[in-house]
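Asks: As a plain string of letters, each chain reads:
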Amino acid sequence: MFDFTKVTNWIDALLLSFLPGWAATLVECVLVALVIITLYAVFAIILIYMERKICAFFQCRLGPNRVGKWGSIQVLADVLKMLTKEIIDMKNVDRLLHKMAPFLVIVASMLTFACLPWNKGAGVIDFNIGIFFFLAAGSIGVVGILLAGWSSNNKYALIGAMRSGAQIISYEVSIGLVMLTMIVLTGTMSFSEICQQQADLGWNIFRGHIPAALAFIVYLIAGNAECNRGPFDMPEAESELTAGYHVEYSGMHFGFYYLAEYLNLFICAGIASTIFLGGWAPLHIWGLDGFNHVMDYIPGAVWMVGKTFFVVFLLMWIRWTFPRLRIDQLLALEWKYLMPLSLVLLVVMALCVSLGLTF
Amino acid sequence: MSNNNYFSGIFFGVKSLLTGLGVTMKEFFTRKITEQYPENRKELKMFDRFRGRLVMPHNDKNEHKCIGCGLCQMACPNGSIKVTTESVELPDGKKKRQLVKYEYDLGCCMFCELCITACPQGAIEFCTDFENAVFDRTKLVQQLNLPGSHVAEKPVAPKPAAPAAEKPATEKPAAPAAEAPANTNPEKPAAV
Ligand code: SF4
Ligand code: SF4
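So the protein lines, in turn, are chains A and X. According to our numbering, the first sequence is numbered sequentially starting from 1. According to our numbering, the second sequence is numbered sequentially starting from 1001.
Be aware that a few hints might be false.
What the hints assert, rightly or not - Anything over 10 Å on all C-beta distances counts as not near chain A; from chain X, calculated:
1) T1024
2) E1027
3) F1028
4) K1032
5) I1033
6) D1048
7) D1105
8) G1122
9) E1153
To be verified - In silico SDA-like pairs for lysine to any residue, Cα to Cα no more than 25 Å straight-line:
10) A/K69 with X/E1035
11) A/K53 with X/L1018
12) X/K1032 with A/S72
13) X/K1032 with A/C55
If you are wondering where the hints come from, they were derived from the structure by calculation, not from laboratory data. Ideal Cβ placement from N, Cα and C applies to all residues, glycine included.
Using the sequences and the hints, build the whole thing.
Replies: Now the structure itself:
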């Protein structure tokens, strides 16, 4: 596997050759931030286009097909529209919080985005409690949503935000437990080590067999709920709450929520592929050395993005299949079904690991 | 809720969810039903029951089936139909009512089809033509009976017209609604 640290070390050495240490670090930080923001925007555009097309196909339609070939630059047109729209100042909102909320959401989303391991040696935020950091940073987003609902001075927004708060806090329990389950299997919280381990020993979903597969499903459900996407899009619920917590936002402030929704989807899928499907680790089938060798030639970033888009497709499939849940059904699903299941999974996984039943 | 219900509920739920996923996956690969309208204008075919605009089919002898009874006009809740008739004297001395003008206002028709249901002769029907936009409201008022047309004679009406049913395809552009009375297929009469 190509080790991306070679590139980063080379850039580091190059910068250090004519800059003092602190300046080199500063330049590197800015570079990384630029790369992250660019990737963020590019993936958002791809995802929005993908969602429109996939949604259309599931509904037996063609989707956007007028702007550019296959409607490919439709999203760019939408971005331009969003950027040029007026940001309307409401009269009776809490100014500071109202303006701050979208940034909190987008910052949380970008922080978690930076956690993804793109390739061997190409993780931006990577340290020994990576998963823990991911969970913590991801939770900032819900603060943004709650603030948006509260500061908007609008009943719909407030109800949406409260629903969202209840939902995200509940499903965070499942996510945490499922991640714990996988940590029991891997024995580490660092994303790079988790990936390395899977490159050496095989993907976690195969290593952990039944409990890992079930954990994957629980993660998909809970992750979908974390992203506030259908069938768990109670906070937005256009038909009953107009748009939920971001009803009072316009222009790019709304755009931030929109962006964050899609990127959260991507991040959720990315983490699923990191923890369960091996991240950048290529697919290896035990015993087929020739096949494995060919797989090794595909770069890790391609594996990572490919797996992530596969999971994104799964999530979109779920979204465009099921109707929206009621809030009590939503909470019942979490507290009566998913949480007990993930507790059981945790115990089963611990037993499997201690009895040596994993691969 | 007993334990039994809890677990059977889960299995039932999972099963129905999987059914749903199966349905959407199948839909994902089926041919898409979107009509790309202006591009596929040539081959676009509306489904038969589409109610585009009222027509009065004529056969190739320029005969229609309307006897001018006015039932359609009375049935129409919107007053979109205006039937003008006159009385003529037949060679044998009897008087007979005859259609002079059948006016139909597309602009205030609500496509309820009550007129067609009311017609005892099956003289009018809806065609599937949907490109009905015009620049002037007055153009929406159409005369459905063709100039010089007259009512089909009783014995002639159903049977001898049958072979004529094949022909009209060739003369379509010239005589838009000139289809045999027996031919109920409302295929593409040209725009008026
Ligand atoms: S379809 Fe209805 S509204 Fe239109 S002409 Fe016939 S009866 Fe009148
Ligand atoms: S179209 Fe039918 S209902 Fe109307 S006047 Fe003619 S025969 Fe009578």
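Asks: Taking each numbered hint in turn, which are not upheld by the structure, reported in ascending numerical order?
Replies: Hints 1, 2, 3, 4, 5 not satisfied by this model.
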